[in-house]
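With the hints as constraints, model all of the structure from the sequences given.
Numbering (the numbering used here), first residue to last: 3 to 150.
If you're looking for bench data, these hints aren't it; they were derived computationally from the structure. Please note: incorrect hints may appear among the correct ones.
[Said to hold, decoys possible] No more than 27 Å apart at the CA atoms, straight line, and that leaves these computed lysine-lysine pairs for DSS-like:
| no. | residue 1 | residue 2 |
| --- | --- | --- |
| 1 | Lys111 | Lys22 |
| 2 | Lys137 | Lys125 |
| 3 | Lys36 | Lys125 |
| 4 | Lys22 | Lys50 |
| 5 | Lys125 | Lys111 |
| 6 | Lys22 | Lys8 |
| 7 | Lys137 | Lys147 |
| 8 | Lys22 | Lys53 |
[As the list claims (entries may be wrong)] Simulated DEER-style distance windows between Cβ atoms:
| no. | residue 1 | residue 2 | range |
| --- | --- | --- | --- |
| 9 | Lys111 | Lys137 | 11 to 21 Å |
| 10 | Ser12 | Glu141 | 26 to 36 Å |
| 11 | Val119 | Glu5 | 27 to 37 Å |
| 12 | Thr54 | Leu15 | 32 to 42 Å |
Every residue, glycine too, gets a C-beta built ideally from N, C-alpha and C.
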Amino acid sequence: MMELTKAGTSDVLVLNSISKRAFHSDIVVGASSKTGPPGYMSASFHIKMAKTNNLYKLLVDGRIVGGAILFVNGLQLNIGRIFVDPEYFRKGYGIFMMQEIERIFSDVKQIFLDTLVWNVRTKAFYQKLGYIENKKDEEFIYYIKKIN
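Structure below.
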């Protein structure tokens with residue numbers, strides 16, 4: 003059974019470890035070094051996200067295998083990031099998470115997210131899910147999906 007639900011501070015150490023492994027795996031899809039977005043391997047950052055109800059966990063048969071940081075602003079949702087443990091890549095968990103995000107936040111009208119220009123894995127993933135490139139700069143591609 004899969005479930006996307008809010009994470010608590012007791013989940014932070016597991017999510018922090020998964021985030022680190024997930025973003026470090028980007029080295030195989032174009033990253034120049036093992037790095038990630040701000041706070042990706044900071045327990046204090048993830049604690050703050052949990053305390054502000056922005057941190058989510060993906061459970062598969064009761065085990066945390068991924069997470070998301072989500073920000074709602076009125077009728078807009080910003081997907082700050084999603085991440086899946088590399089051990090569980092290519093099993094449909096990322097697609098499930100994105101579909102659950104859209105289900106949980108079904109009242110929003112627009113969803114925004116971004117990805118680094120060099121990351122071919124995430125570009126293809128978001129486009130497959132119906133996200134449209136909204137703008138692009140030297141570092142990021144910004145996507146939007148209009149709902150309803």
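Structure-inconsistent hints, enumerated in ascending order: Violated: hints 1, 12.
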